[in-house]
Amino acid sequence: MLSKEEILNVAKLARIGVSEKDVEKYQHDLSEILDYFKKLDELDVEGVEPIGHITGMQNKFRNDHQEDFGKIGKEAIMKNAPEVKEEYIKVKSVL
Amino acid sequence: MIRDLHNDLISKKITSVELTERYFSVIEKKEQEIGAYLTITKELAMAQAKLVDEKIAKGEEIDLIEGIPSAIKDNICVDGVRMTAASKILDNYVAPYDATVIRKLKDCGAVFLGKTNLDEFAMGSSTENSAYQVTKNPVDTARVAGGSSGGSVAAVAAGEAVWSLGTDTGGSIRQPASFCGVVGLKPTYGRVSRSGAVAMASSLDQIGPIANSVEDCAIILSRIAGEDILDATSAKSGDKKFEDYLSGNIAGKTIGVPKEYVEGLDGEIKNVFEKSLEKFKSLGAKIETISLPHSGYALPTYYIIMTSEVSSNLAKFDGIKFGLRADDENDAEASGDELPKKLLETYLDTRKIGFGEEVKRRIMLGTYALSAGYYDAYYLKAQKVRALIRKDFEDAFKQVDFIYSPTAPEVAFKIGEKSKDPLKMYLSDIYTITANLAGVPAISFPIGTVEMEKKQLPIGGQLMGKWFDEEGMLNAAHTYEIN
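Protein chains in written order, with our numbering: chain A, 466 to 560; chain B, 212 to 694.
Accuracy of the hints is not assured; some may be wrong.
Stretches of chain B that chain A covers, calculated by requiring three or more beta carbons in the stretch to come under 8 Å of a beta carbon on chain A [as the list claims (entries may be wrong)]:
(1) 308-320
(2) 441-453
(3) 527-537
(4) 596-604
(5) 680-692
Below are the SDA-like pairs computed for lysine to any residue, each with C-alpha atoms no more than 20 Å apart in a straight line [said to hold, decoys possible]:
(6) A/Lys490 x B/Lys635
(7) A/Lys557 x B/Lys532
(8) B/Lys625 x B/Gln344
(9) B/Lys595 x A/Tyr501
(10) B/Lys595 x A/Glu514
(11) B/Lys452 x B/Gly320
No wet-lab data here; the hints were simulated from the structure. Each residue gets a CB set at the ideal place from its N, CA and C atoms; glycine is no exception.
So here's chain B without its partners, still in its complex pose:
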């Protein structure tokens, strides 16, 4: 799709301004129903599009993504644009600088239509935890879009953006991509700089693209990847054009299917998944059953590490430096008198009214796990189990080139169905979190649908690759997609 639009732009079939306006008219038509965006940046987008048109008119060469309209998850800073992270505590926050990925995309001439909805601070699997709105699944608006990058994914699925950026800490790009029937990529830990993205769990977070095709994801990844002095965890990983590696040939490659992931599968998801294995075979790949013996420990390990890091990262929201502050008047409840608040009261009250339920629950859990006497039993232990999980992957990748499973154990669920039970909601992430724990790249792409209540609900397949082998993994997913 990006390539086609690029060709339309350079052959002057359409201008970037016209293309951008076309997307704004889709947004106008659908937004009320879908609720993908929190902020529309029309002025910025039109200015960006105009610049591209001027370049084309002058006969200058333009980049593949230049002039093509996109959407950015609202936990990534765009200079001068409001950024809420879908939290009331950042309701009035205006980003004073560009995230590194945004600076890189601006250098390529990208067009930003707006900032998209998410679970508050990216904590959730359904985008129901946003302090502003619930994003609906464009395939069936009675169902969730998935999360936490639900807004970014729904925008692409509904035709409200050509592509978008999300963040993925435990599946937040891949699970909604699976639910909405688009492609979502989480790169290797360290592949993409997180500078300027709101940190959730720093040892797990990655930024990645969402689009209608694997090739489009490859094109975006090439433009956001690379080492960055502003993110000390970002790795030297060369200057690859990932789209150049999509040969469409995977003959002789070995795909491992973890028996721990597929044992419990049943019904339509199982059928669709098995059919997709047949398709991989027909494309010349070998399928092998493998074992990731510590899979059963991944979810508790993930939740200990993630909540601990959340409690530390969210300490900066204190009502002093930026964002919301509970003022003396609007909070009689806590102090009960007319005196100006002391520092501690300001902290307590600001965080009490500024954060939503799930965010507070995770901060509380993480604070407990890191508190005196518990650190060894929880965080340290979890980081050791994580080493065992990584070892599982190292062993598996001696045997196979890729690991393959469904992206999620279910299709998009109904809005409200799980919001009362945090533990049940956490189980949505069961297949996706291991890629974050092990740091490997992973991609979700559509492999079929199941009919429910007369709607064709999408099912995603997930390929995981070796560390820094995005090109191989993208090629495998691409080969599946084009055949």
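Bound-form chain A, shown alone:
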């Protein structure tokens, strides 16, 4: 079973706020599913190459250029931002 501290640490890493009640629920749910994941311990994967792209495609490159969405396009994008100031997205203070 995952400890309370472990859950709180994962929640912080995941940037998900949790209440006291949530912590208990996550302890139970996550532990149960992680136990199920242990099934893979039965397998020996020594020397097996992990999958990158499933059909074996290699890196694909494109030109490093920006595409201008134009004024209307920019407005459409900025309309979705919760807080905008003088055409910039406003970010909360860090400290």
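Got chain A sorted already, so can you dock chain B onto it with the hints?
Just chain B now, kept in the frame of chain A:
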């Protein structure tokens, strides 16, 4: 069906505007009961239909899908239309551009009736995880439509759209298609660009069509497939018209039935499945029992890879760039004082109130699996087991042309029956996830029904094909369907 409607349009038996209105009247009649749509795009649809009618009036040639009404899963961007991914965190989001598949379909003159319901961010197997509504199965409204593309599938099954688009990460097109008695196709990984679809698990996600016939799915696939500079995983795969490969002949083809998939089958599903094998035989196919030895490891492998990628992909929902933000007033609980929130508090509170339970559970699991000290034991190990699973398929496809099983181990279950037990819900995907893990194409099509409580509940069969052999697989399913 698409071909018939196309002929009706060009022979002027009906106009696209009339056809589109007819579908809106079905939506009006049935939507309250079914709950397939989250957003109706009537203005857009009518404008699209009018354009097609003008072309026909001028005697111009039109594409097969031109003027034919369709529905789009609400995790695919349509320019200027609200897109929620069935999450409160995107409640007010309006897509500022078209997904590549939408741009291609618009170029073909498709008509979009609306955006359909799904499990939040496509995470679920029943469409009960939508933050907005539960989509009902049109065959029996006490039962789930399946998921996560439940809205797209129910819309087609209820006659609220001719065809639709869904996304499939572990069975999200095929399992609901099986539950609702329609055809659903997941293409080969890389066949269709995902640019403009909300990413869930990027090494597994594909977009695919849902329709009333295999041929209709082939017609749609031809129009959405192809390499795209905006999705670096999309493959060069030619410019095929898949509908031209439906010869209706599968004599001499070999169909493999994985013993690991059918061992546990019993009851009516087993009977229907065995009857379908007899039918394939009568069509000239050879049936062989094969083994996919690592099948038993597919589900944990899938859940490690999927949750890990989910935790990374959903990091962008932070309350800053777009979507919901927990504001200073409506959340006294976390900060407890009147001061404006700091950045970290904004993240924590926004994601706490914006995401539903299943989404948070998966992000938490994935974050744990990727965190320092656990990466090798979980994600890396799972990607190695995935290589073994792919090897199983490579070996099997040396022996057989297609792999065949039921799509799901069950028929549509009752609403609420599994929603309290995540692990039990995950088991719904047991036959479908391997196609995503191995990257192969797979299709679900109706093979029979079982009577329960006086309702004929559909059962789907699933054919999987070799990588990029959609044409062969579609032809096998088509041959079954027309005979």
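### Task
Just pull the numbers of the violated hints for me, sorted ascending.
Numbers 1, 5, in rising order.
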